[in-house]
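Asker: The lines below spell out each chain.
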Amino acid sequence: MAVVIFKPLEKCNSNCLYCGVVQKKQDLVMDYDLLEIVFNRMNEYLEANPGEKITLTWHGGEPCLLGPEYFRKALDFQDRHCKETKDRIVHIIQSNLTIITQELIDLFKEMGIHTIGTSFEPLPNIRGPGKDRDSDVYNRLFFQGVDLVEKNGLGWGCIYVVHRRSLGRAREIFYYLTNMNLKSQPTFNKIYLYSGDEHNLNITPEEYADFLGELVPLYWENRIRYAQLKPISTFIEAIERGNNMVCDYSGRCAHHWMYIGPDGKASHCGRSGDFAFIDYGNIRDRTIHDILYDKKRDPIEERQLFLPENECKDCRFWGICHGGCPLDAYTAHGSFMKPTMNCSGIKRLLENYIEPVTGMEVNLPPPDTNS
Amino acid sequence: MKQKPGKEKMIVVQDGSGLEKKITKKTLVVQVDTIEKAVPAFGKWSSENRVFCVVVHEEKPLAEIELSEELKIIPLALFLKEGGAPKTVIEKSREFREANITLYLPAHNPENFTLLQILASLDVACGVYLENEAKPVNWDSMNDLMYYAAYSPANHARVEPFDYAVSNYDPQEYLCFTTPWFENPRRFFYMDENENIALSRKKMEEGDFVATGISSFDSLDDNEKYKEHLTMWTNQFIDNQRCASCPAWRVCGGAFVSICESNPNYFQFFNDLLEAAEQNRVKQEQDTEWRL
Amino acid sequence: MANILLTQQCVRSCPYCFAKQHMDDSEAQQRISWEDLIYIADLFEVDRSNHLSLLGGEPTLHPDYVDFVLYLAERKFHVTTFTCGIMSPKRLEEAVTHLKQLDDKQYNFVCNLNHPDMSTDKETERIEAFMKEFGQQTTLSFNIFHLDFDMQYLVDYITKFNLVPHIRLGLAHPIPGENNKIIHPKDFDTMVERLESFMPQMIENNVSVGFDCGFAMCNFTDAQLGKFLRLARSGDGRSIKFVCNPALDIGPDMTVWSCFPLSRYHKKSIYEFNSVQEILEYYRDFHKKVREEQTGIFKECADCHFKECGLCAGGCLAHILNKTEVMPAGQGGAR
Chain A
1 MAVVIFKPLE KCNSNCLYCG VVQKKQDLVM DYDLLEIVFN RMNEYLEANP
51 GEKITLTWHG GEPCLLGPEY FRKALDFQDR HCKETKDRIV HIIQSNLTII
101 TQELIDLFKE MGIHTIGTSF EPLPNIRGPG KDRDSDVYNR LFFQGVDLVE
151 KNGLGWGCIY VVHRRSLGRA REIFYYLTNM NLKSQPTFNK IYLYSGDEHN
201 LNITPEEYAD FLGELVPLYW ENRIRYAQLK PISTFIEAIE RGNNMVCDYS
251 GRCAHHWMYI GPDGKASHCG RSGDFAFIDY GNIRDRTIHD ILYDKKRDPI
301 EERQLFLPEN ECKDCRFWGI CHGGCPLDAY TAHGSFMKPT MNCSGIKRLL
351 ENYIEPVTGM EVNLPPPDTN S
Chain B
1001 MKQKPGKEKM IVVQDGSGLE KKITKKTLVV QVDTIEKAVP AFGKWSSENR
1051 VFCVVVHEEK PLAEIELSEE LKIIPLALFL KEGGAPKTVI EKSREFREAN
1101 ITLYLPAHNP ENFTLLQILA SLDVACGVYL ENEAKPVNWD SMNDLMYYAA
1151 YSPANHARVE PFDYAVSNYD PQEYLCFTTP WFENPRRFFY MDENENIALS
1201 RKKMEEGDFV ATGISSFDSL DDNEKYKEHL TMWTNQFIDN QRCASCPAWR
1251 VCGGAFVSIC ESNPNYFQFF NDLLEAAEQN RVKQEQDTEW RL
Chain C
2001 MANILLTQQC VRSCPYCFAK QHMDDSEAQQ RISWEDLIYI ADLFEVDRSN
2051 HLSLLGGEPT LHPDYVDFVL YLAERKFHVT TFTCGIMSPK RLEEAVTHLK
2101 QLDDKQYNFV CNLNHPDMST DKETERIEAF MKEFGQQTTL SFNIFHLDFD
2151 MQYLVDYITK FNLVPHIRLG LAHPIPGENN KIIHPKDFDT MVERLESFMP
2201 QMIENNVSVG FDCGFAMCNF TDAQLGKFLR LARSGDGRSI KFVCNPALDI
2251 GPDMTVWSCF PLSRYHKKSI YEFNSVQEIL EYYRDFHKKV REEQTGIFKE
2301 CADCHFKECG LCAGGCLAHI LNKTEVMPAG QGGAR
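Protein chains in written order, with my numbering: chain A, 1 to 371; chain B, 1001 to 1292; chain C, 2001 to 2335.
Incorrect hints may appear among the rest.
Straight line, CA to CA, 27 Å or less: simulated BS3-like cross-link-like pairs of lysine-lysine [said to hold, decoys possible]:
#1 B:K1227 - A:K183
#2 A:K151 - B:K1087
#3 C:K2100 - B:K1087
#4 A:K109 - B:K1227
#5 A:K109 - B:K1087
Label-pair restraints from in silico Cβ distances [claimed, not checked]:
#6 A:E361 - B:V1257: 42 to 50 Å
#7 A:E361 - C:K2076: 27 to 35 Å
#8 B:E1131 - C:K2076: 52 to 60 Å
#9 B:E1098 - C:T2097: 46 to 54 Å
#10 C:K2122 - B:P1040: 30 to 38 Å
#11 B:E1111 - C:H2266: 54 to 62 Å
#12 C:Y2153 - B:R1097: 51 to 59 Å
#13 B:K1227 - C:K2268: 53 to 61 Å
#14 B:Y1151 - C:E2093: 36 to 44 Å
#15 B:R1097 - C:E2093: 26 to 34 Å
#16 A:E69 - B:K1227: 22 to 30 Å
#17 B:D1218 - A:E47: 46 to 54 Å
#18 C:Y2282 - A:D147: 39 to 47 Å
#19 A:D147 - B:D1033: 45 to 53 Å
If you're looking for bench data, these hints aren't it; they were derived computationally from the structure.
Built from N, CA and C at the ideal position, the CB exists for glycine as well.
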């Protein structure tokens, strides 16, 4: 399945402290001509690949700023250009829920969206509109949005970005987020800052591991209450059942992920597109297939053979991590042929927390290529 | 109450309010202030409505409560101020077992916890209630009674609100543990003689109404004040109050914040209640016995 | 059946008392709480037991004694109270007012009656007041702790107060390491002969006897056994037994042990067990382990046919643990 991180705009109504996208102050919104091309490209790809699906992840900025008319247009383009393939287009949306309306929800439902991804910050003045990031206003609007979403029978899941001010408050934040939404547990992602750390929010991989580590016993002892707690539960499932991880740790993102920006520029994924780390041309000129199989992706695939012979040789965590995110390697070292800069953090989380608490032991080194 | 629990909305009315001729085709909880009034009230209000339960707020002690044969067949919730001696409870248990009754005793008297355990073990449905937030409660004793209700392997009757909490717990839903006390803004709507609607007994006493008029009951879901009340819980999160980060929030809901702040055992009680509810859920899910 | 100690206090100081050590080891003021009684009742209800015994010290000293009986009866337990019969007038009045409302079959008393010479006038007065009210629910219990015992007074009491015409005979058991008054096993046959001498009065007054634990079968001749069998309460002789089993005594502090003489051995918290069966298995295992070392109180027990087929337990375990000298046959030991 191809996953398209689709950012028709980078504008947002909030001014979150750690958001590099907002800091770009990019006002461009994808015009309808380009939007139509996107749907044509999707149809083209799906017709050529029967049995394939495309997940179109609406992202931003704040997608709700596009307004209902934009989504109606999108649906219209889908109906017109993807008549036989629209059943294989899966729409997902990530929104801060602060400006969601009934009209938008009706359209999302028409697009087949059942759950809205969002993110939240319990600590004050980190997320919010304006220079001072009025979290009080933001939070009220957020909960109004949640109420509307739930009244319409939609689900919502929350991402939490772990940053320096979160450190030492893992349990408090965890309980807050799990109390706030009983139907879906939060995902704890590490902060990524590519355009400076003016507010001293960045954390080391070890600090991230320690933050998650504090939550490992909470999750493990209460799995009835907290069905999932990503990434902790994902790691544990991977150890237990050999499930492959997604995204960063899957080792399989070479030809499955792409990004489309407001101007049609294509890149590898959300982060790489936001900061133009990798350029795969423009959707105007290139097919989705060409973008997914761009030669620049080859090293990402080769990485899975290179690392086990080199820096990840004999690493018992290989089967979980697969060298981590290739983009992490690229941004830190200028090359994909390195493990993620978060390697020490992953090991720390697994060795110091997950293994002792669960009693499991990870022993998934790279397969011996000589045997 | 021996009726199957559900989610239907009920109007809580005071007998003698004159509303019995005005309200029709509703499910009611009828309040009376003496047990002698329960049977006539049940009859009167049942003619045009379904009476879920008659709630008696009785001043008399348990020893003076006599259950007639007519009383034994109507669904009763009897809130008493005092329980009396164990002997009284044991002797009364015989007639109470024959009745469709749940007997409530106040939590501020530590002896009542023993009496409730005696009652439940003698197969009399019972419960503890918080009469007044200001009256201190021994939360350790509350916890002990909860443990008994949740974990005792021997057959015993319900002990509320524990039984409700444990049986109705859903990890994906908020639990309103005050429901057995007829306090749940999604289910119980207090109506006075002027057809004012309040969301709890206390709010009724304070004159804090959300709507007026019997006809407004059916459209309460669209009532702005009501909707605002239902979302008030979010203030705990918006203001980042202590309750928002409490692991026991999903069973407590911040119901008695003032008690929690002054008594650490309050938190422990709700934490243990949550665990008991979860264990019960696991047990239910593991029950693979087939049955018709 | 289990024995629940309601209190550690007693109103007497019997010289043979084999509960003495336990009471000395415990806090005098300790009394069982309602919550603990309910817990025990729950445990036994789940086990489908329908009989509980109340002990002490003196159980009727507990301020909630009457309530406890009413409660357990309401839960369909048959309640046996082991008492010395000495109750305060207030307690007796309370018992009369409330217990007499119960069905006779729901409760009974086992009254441990010492010889009148061992009681003061006031004690005797109280005992008699109790018997006057509850005679028909009362069985006498007699503990043999010296050889020149008298049983006539027991028959007299039965007749006078219309008590249950049955005597529960007990042997005072040793408390290992202590010096309470007991009958030494070497004197068991003498004891049996003396017991036999009271049989005519028993027969004449239609009083049956039953043996509590600790008697050894080999101390009885066939003829003696036959006589006692005739005196047994039930026709099949079930009350004539030569057993030594865990009795399960539960203290007011919720500890449990096999029986009073062994209260210092393997005393556990009741909460360590999930069921009555678990408790029984634990103490049966303990008994078994001791008897694997030494089968019985006599040397002959090791090869005894009756021991092997379970007709006789081989005497009281407390004697074994007390390191009672094992007597060979023909010297006052096994016949």
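Asker: Of the hints stated earlier, which fail here?
Answerer: Failing hints, ascending: 2, 5, 7, 8, 9, 10, 11, 12, 18 and 19.
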